[in-house]
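Participant: Single-letter residue listing:
Number of protein chains: 2
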Amino acid sequence: MTSSRTSSGLAAARRPRRGLLLSASAVNGQQTLAERLGYPRDAKLVIVHADDLGMAHSVNAATTKAFETGLVNSASIMVPCPWLTEIAAYARANPQADLGLHLTLTSEWTNLRWGPMAPKDRVSSLLDKDGYLRLTETEAAEAADPKEVEMEIRAQIERARALGIVPTHLDSHMGTLYQNKALLEVFLRVARENKLPVRIAKEWLTRADFPGSSLSQNDVFIDRMITITPDVAPQDWAKFYSDALRNLQPGVTEFVIHLAYDDAEMRGATFNHPNWGAAWRQRDFDFFTSDAFRKVLAENNIKLITWREVGKLIRQ
Amino acid sequence: MTSSRTSSGLAAARRPRRGLLLSASAVNGQQTLAERLGYPRDAKLVIVHADDLGMAHSVNAATTKAFETGLVNSASIMVPCPWLTEIAAYARANPQADLGLHLTLTSEWTNLRWGPMAPKDRVSSLLDKDGYLRLTETEAAEAADPKEVEMEIRAQIERARALGIVPTHLDSHMGTLYQNKALLEVFLRVARENKLPVRIAKEWLTRADFPGSSLSQNDVFIDRMITITPDVAPQDWAKFYSDALRNLQPGVTEFVIHLAYDDAEMRGATFNHPNWGAAWRQRDFDFFTSDAFRKVLAENNIKLITWREVGKLIRQ
Chain A
6 MTSSRTSSGL
16 AAARRPRRGL
26 LLSASAVNGQ
36 QTLAERLGYP
46 RDAKLVIVHA
56 DDLGMAHSVN
66 AATTKAFETG
76 LVNSASIMVP
86 CPWLTEIAAY
96 ARANPQADLG
106 LHLTLTSEWT
116 NLRWGPMAPK
126 DRVSSLLDKD
136 GYLRLTETEA
146 AEAADPKEVE
156 MEIRAQIERA
166 RALGIVPTHL
176 DSHMGTLYQN
186 KALLEVFLRV
196 ARENKLPVRI
206 AKEWLTRADF
216 PGSSLSQNDV
226 FIDRMITITP
236 DVAPQDWAKF
246 YSDALRNLQP
256 GVTEFVIHLA
266 YDDAEMRGAT
276 FNHPNWGAAW
286 RQRDFDFFTS
296 DAFRKVLAEN
306 NIKLITWREV
316 GKLIRQ
Chain B
6 MTSSRTSSGL
16 AAARRPRRGL
26 LLSASAVNGQ
36 QTLAERLGYP
46 RDAKLVIVHA
56 DDLGMAHSVN
66 AATTKAFETG
76 LVNSASIMVP
86 CPWLTEIAAY
96 ARANPQADLG
106 LHLTLTSEWT
116 NLRWGPMAPK
126 DRVSSLLDKD
136 GYLRLTETEA
146 AEAADPKEVE
156 MEIRAQIERA
166 RALGIVPTHL
176 DSHMGTLYQN
186 KALLEVFLRV
196 ARENKLPVRI
206 AKEWLTRADF
216 PGSSLSQNDV
226 FIDRMITITP
236 DVAPQDWAKF
246 YSDALRNLQP
256 GVTEFVIHLA
266 YDDAEMRGAT
276 FNHPNWGAAW
286 RQRDFDFFTS
296 DAFRKVLAEN
306 NIKLITWREV
316 GKLIRQ
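So the sequence lines, in the order shown, correspond to chains A and B. By the numbering used here, the letter at position 212 of the first sequence is numbered 217, and the numbering carries on one by one without gaps. By the numbering used here, the letter at position 311 of the second sequence is numbered 316, and the numbering carries on one by one without gaps.
Just chain A, with the same shape it has in the complex:
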């Protein structure tokens, strides 16, 4: 069985859902996010964000290696995963690193699985028949009791903090928390209590498949996200990203990427799932640590920013 994994999670939403209760402009007032961050209105600001830290040693090793280049500058951590303590040690040793939590309600690789952080008998709606988190975001969202989701994501945040991780932001692995209104409400409530920004793009707010939700004057949204999809052929990887950077619109854009090495561990984990698999992640690593990427950033006057900067707008 393979995962229907999608990075934003929106593409997998089956039915159009009700729109937002507040428009984006009403939420954020007249100033753009770039202006609120102290940049000109036409600045091109990018967060280069690697997902899935903690999932595997290969992911941790490739992502922290990419951090050394300065070209990848943000990432988020999956707390229920087996290599959490390795990345927690990195976080403690590198307190300046822009590390968020990739809140996790799915366990999508058939050979490498993980369960919840909350006691299993208290979050049974999150588990498959084998006691792991479910394989796909649609299964997970359909079966999940929102109260149990809240207990689980609070447990993930608590565990991360106990290990010395000071998260700069929150996002949702495979977009499970964007699958319906009840889950999104839980996500936003927990994020607000923790005074952390969440991965929501302003452009999502008017999409029919984005669940309606009560947004607040204090919520902060980036302008857009860009992520590569399985329809891009491997040989077109660099072209896809370079074109996206050359055509970038002003505002805050997050490139959501997935880094790992194409090694035995990642091949073992993703053997039946080339999408977001080992070679895919090696291609992302190769492009985002390349001189070509550095050059296209400079040529297009693109400035890298972090979630830590965005989060200051909430905590100020």
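Among these hints, one or two may not hold up.
Any copy, or any two copies together, can satisfy a pair, since identical chains are not distinguished.
What the hints assert, rightly or not - Straight-line alpha carbon distances no greater than 27 Å define the calculated DSS-like cross-link-like pairs of lysine-lysine that follow:
no. : residue 1 : residue 2
1   : Lys186    : Lys200
2   : Lys317    : Lys200
3   : Lys207    : Lys186
4   : Lys200    : Lys134
5   : Lys152    : Lys134
6   : Lys134    : Lys308
7   : Lys152    : Lys186
8   : Lys152    : Lys244
9   : Lys70     : Lys244
10  : Lys300    : Lys70
11  : Lys207    : Lys134
Hints listed in this document are in silico derivations from the structure and should not be mistaken for laboratory results.
Assemble chain B onto chain A, guided by the hints.
Facilitator: Relative to chain A, chain B alone:
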């Protein structure tokens, strides 16, 4: 923090403990195990047993590769570990494989951790402050409530069976279940109910550091176990094993070995612990899949047997 890992677990026992209530000969009667298995009294019978399946992809890959040679012919599985489902799929596809359960109450690698199978809030005596199984067998045994140990090892057996694993035997990761009488009693009770043989060597029964326990007429013990220790220099690996095979006494001997590749994943897991680390496991793999090993078996008239054969004595 590093693990005080010992393979049999006996070396780490801190205090001498009371001896057995029954002597070995009283337990098994006059026939030797070799004779009960249908071999001559002077037969040299060996189980070549790889521990720690499920711990990492590297362990699974190296062990199943070694099975293909026929020279490694038994292994046991750690149910709480992240790569359990990969080895469960192998077990379902290879029902003849001699696979037991390596009952697990410790999580000894600082960068790669796992928790219990039972709900965490019901086995809290098994957990460290981070919610994982403890790092060392001595810490685990000292803190463990035997009732919670019983719940946990029953949960591990149940999960394995649910995934289609039909275990041929039981043993104890890092020997935690041999650390004191209460844990050994739990282990033996659960093993008897499941009609499965346990890894206990007859030679242990008279050792001062082996906990006293009530053994039954139906319990089956192999004669001895041989496992390499950190005092053997890497360049002496093949000599250690070859000498042990050349000097082998008659009866049933288990070689307890640890297979993996010396690759990025295993190096990441064992980075601060060369004992039982990545290079160690590669050396075990290299010897036990070698022509030199095959030759020394033939030259010394050593026959490989499995736990499945031993277990038939219990189930008949």
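Participant: A separate judgement is required for each hint: does it hold in the structure or not?
Facilitator: Now for the hints, and whether the structure bears them out:
1. Lys186 - Lys200: Classified as within: same-chain Cα gap 20 Å, cross-chain 51 Å, threshold 27 Å.
2. Lys317 - Lys200: within (9 Å within a copy, 61 Å between copies)
3. Lys207 - Lys186: For Lys207 and Lys186, the Cα distance is within 27 Å only inside one copy (17 Å; across copies 63 Å).
4. Lys200 - Lys134: Between. Shortest inter-copy distance 26 Å satisfies the 27 Å Cα cut-off; intra-copy 35 Å does not.
5. Lys152 - Lys134: both (20 Å within a copy, 25 Å between copies)
6. Lys134 - Lys308: neither (47 Å within a copy, 41 Å between copies)
7. Lys152 - Lys186: Within. Shortest intra-copy distance 13 Å satisfies the 27 Å Cα cut-off; inter-copy 43 Å does not.
8. Lys152 - Lys244: neither (44 Å within a copy, 60 Å between copies)
9. Lys70 - Lys244: So Lys70 and Lys244 pass the 27 Å test inside one copy only (23 Å; across, 40 Å).
10. Lys300 - Lys70: For Lys300 and Lys70, the Cα distance is within 27 Å only inside one copy (19 Å; across copies 45 Å).
11. Lys207 - Lys134: neither (37 Å within a copy, 40 Å between copies)
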